[in-house]
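The whole structure should be built from the sequences, with the hints applied where relevant.
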Amino acid sequence: MDFPTLDARLRRLLSVCVVVGGLLAALFVLFAPSLPRWGERHTPHLQPRPLILSSGRTVAQTVRWEGTPLDTVVFWLDTATPRPNEGALHLTIETDNGVTEHTLAFADIPPSGTAVFSLPEPLRVRQGTYGTLRLRAPDIERVALAWQIDSTRYAAGELTRPNGVTQGDLAFQLRYQRPALGDMPRQAAAVVMLAVAGIFVGVLLRRPSSVLFGSTGVSRRDVWIIGAIALAVFGWYAVHLLRPGIWVGPTDFSKDAAYLATAASAVQNGAWPVWSHLTCGGMAALGNPEGNTISLGTLFATLLPPDRALLLLLAGEAMLSAVGTFLLARALGVSLIGSVIATLIASLSGAFAYRITEGFTQVGGAVAFAPWVLLGVVQALKTRSVWWVLLSGTALAAVFLRGDVHVIVGLVMLVALWLLLSCVQTRSRWPLIILAGIGAVAFLWGSIKLLPYLEQPALIGGELHPYVTPLAQFGLLDDALLRVHDHSFTVRPLHGQYPERWGNFGAYVGILPIVLAGIGIFTRRRHRVLLLLLTIAAFALSEGALFEYVLRHNDLASVLLRVPSRLLSLFVMFLGIFAGIGFDRMRRDFPRVSGRFLGALVLAVLLFDLGLATRGIFTRSTEWSTAPLPAVMEAPVLIPHANISPNDERHPTTMLRAGFSLPRMCGDQNNPPAFIRDLREPRPLASIPSRIAPNRVVLAMPAGPSDQTVYERFTTSWTPPEHVMLLESPEGAL
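The numbers in the numbering used here rise by one with no breaks, and the one at position 26 of the sequence shown is 26.
It should be emphasised that the hints constitute simulated quantities derived from the structure, not laboratory data. Everything numeric in this text was worked out from a predicted model, so none of it was measured. Glycine residues also receive a C-beta, built at the ideal position from the N, C-alpha and C atoms. A portion of the hints provided could be inaccurate.
Per label pair, the in silico range of CB-to-CB distance [as the list claims (entries may be wrong)]:
#1 Ala604 <-> Val192: 53 to 59 Å
#2 Leu23 <-> Phe489: 50 to 56 Å
#3 Ala416 <-> Leu296: 25 to 31 Å
#4 Ala416 <-> Gln268: 37 to 43 Å
#5 Gln473 <-> Ile521: 20 to 26 Å
As structure tokens, this is what we get:
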């Protein structure tokens, strides 16, 4: 099937659009007001410190308004420092609409030190504008404020002396967290690279091309096969994932679902889901590289609960992976039946199913789009069409925007290896142009998350150990590829404090694909050596030994790869392609046996074996208790997300069906969300045993053995529903 030609004028128009887009993206990074000031990330103060406010001194804080009317401002006094009984605090609020003055007598401040300025009328502010809060105490000698700086803006101790650089001497409840986007040289380099990438891709698009994509090697019969495969794979995963009681591990599931809920809320309110006040000013894109920035799940979440939307998205990603693998196999010259075999192995192996049951739902993007990245490489080398370069780069960016930050590292390594080897083999510069083009296109699409991604090593490098278990060294290769283990099966990693569940390492394929792949490895055909080297590289990256003894000692590789066994999905994909080649060899070596009969036999065995194994992975993971959830309480029920066992009733899917809601997340790195029970009507705070402190809220839990503490860094990383505010007002209302 061939694609039509592309008019030269349209190519010139696209070229200009890409160049302009790259330059605009560079200007955005340089001038966007919602980005933090240029500077390095600093260590936060873990405990509040006193800030002395003496007579005649005024302290100030600049605020970016989120658009909702401002009706209350809360400060805290340091309870360890004596404070006057007479006099008052004077608050000045400066906005685009003018200046308002407010006074709060010290006699009206409770012993807890909570200074609540309740404004007589809500102050209307325009979303995205900036204002200033100024606090002074002219009638007293001194008073101590409790404060905790925002570590993304200020160095430790900077606020204990007059600040002549930036207004911002206060910490208060209306503070918004902003990520640090690298140091100044890194940001400047990103600006230059965006402009260069836009110009490079624009010039590449001007390159003459006789056809849009060239010949794909796909017949009309193949199109019907692709449709059948897509429906079958999607239906298989959807049936198993959407049925009641399915266990999808807790690790990242609720975080991923929270990002979908946030983006869907923006869409439902007519706002852009990536960059709006409903997504905390773009925190899903900027604050956490693992955030699900933009995907089909956003559309699903507007129609379904967030957990169901995420499960449906995973089924769709399995379908995209199947179609991409089939097209990749066909592009490599595998027969129709051999390509179907490769597709079944890649789609129904345990590699994806195990990651889902473990909760690593962000790998769905890598599973879905990795075959398309490699398909673009193969076809670009074959047809010399730049449009395959665009497809490959766009698919690579889709992996990144979906939230994967680990598998993409191995995928980029394999693409680079493929093209560098092709350059040596063909003695042509075209593979290097393809490599640069893919990188430039992916960089343009994913530039919004690149700088936060490069921040990740500094953010988590010292907190999280790489979870690596060399499979061969531990004698687990047969377990990984030939056995179906229960979700509770664990192994002890070389680093880390706790055993890791098998969902990190499992990738069941069965004996038949391995036998067929072994035959395919020794079959002479085009691309054999190159495919073999790529398969070996994928296995070496995912098996663990290379990571443990070489890559782990590089700080960047250690943090970004961290769990190398997640790359087993790439190895299984190459294994499936070799299995398809092996089937073609068998059909050629046994001419007396009908090719259709042999193909039907192999497909039947694979469907039975892999289907049964995948079903077992999902069904074994549903054996967990459904203990009754607490009834609706007068107090809001805050339940932190944790890596809990399957025998815990606080699983995200159960919590959401029981009436709990996910808070809007602002992308605090590796900080999972809490579930909060919606309140039907406001409740007096006096009826809830609680304590409010400068950096935490403590609620006495009637149904729990101990109090529930919600720390300030946790509560300020999300925006709760409008009818739930943990705020102590003068009337004692909630």
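Now for the hints, and whether the structure bears them out:
no., hint, in the structure
1, Ala604 <-> Val192: 53 to 59 Å, "57 Å, holds"
2, Leu23 <-> Phe489: 50 to 56 Å, "53 Å, holds"
3, Ala416 <-> Leu296: 25 to 31 Å, "29 Å, holds"
4, Ala416 <-> Gln268: 37 to 43 Å, "41 Å, holds"
5, Gln473 <-> Ile521: 20 to 26 Å, "24 Å, holds"
When the structure is compared with the earlier hints, no violation turns up for any of them.
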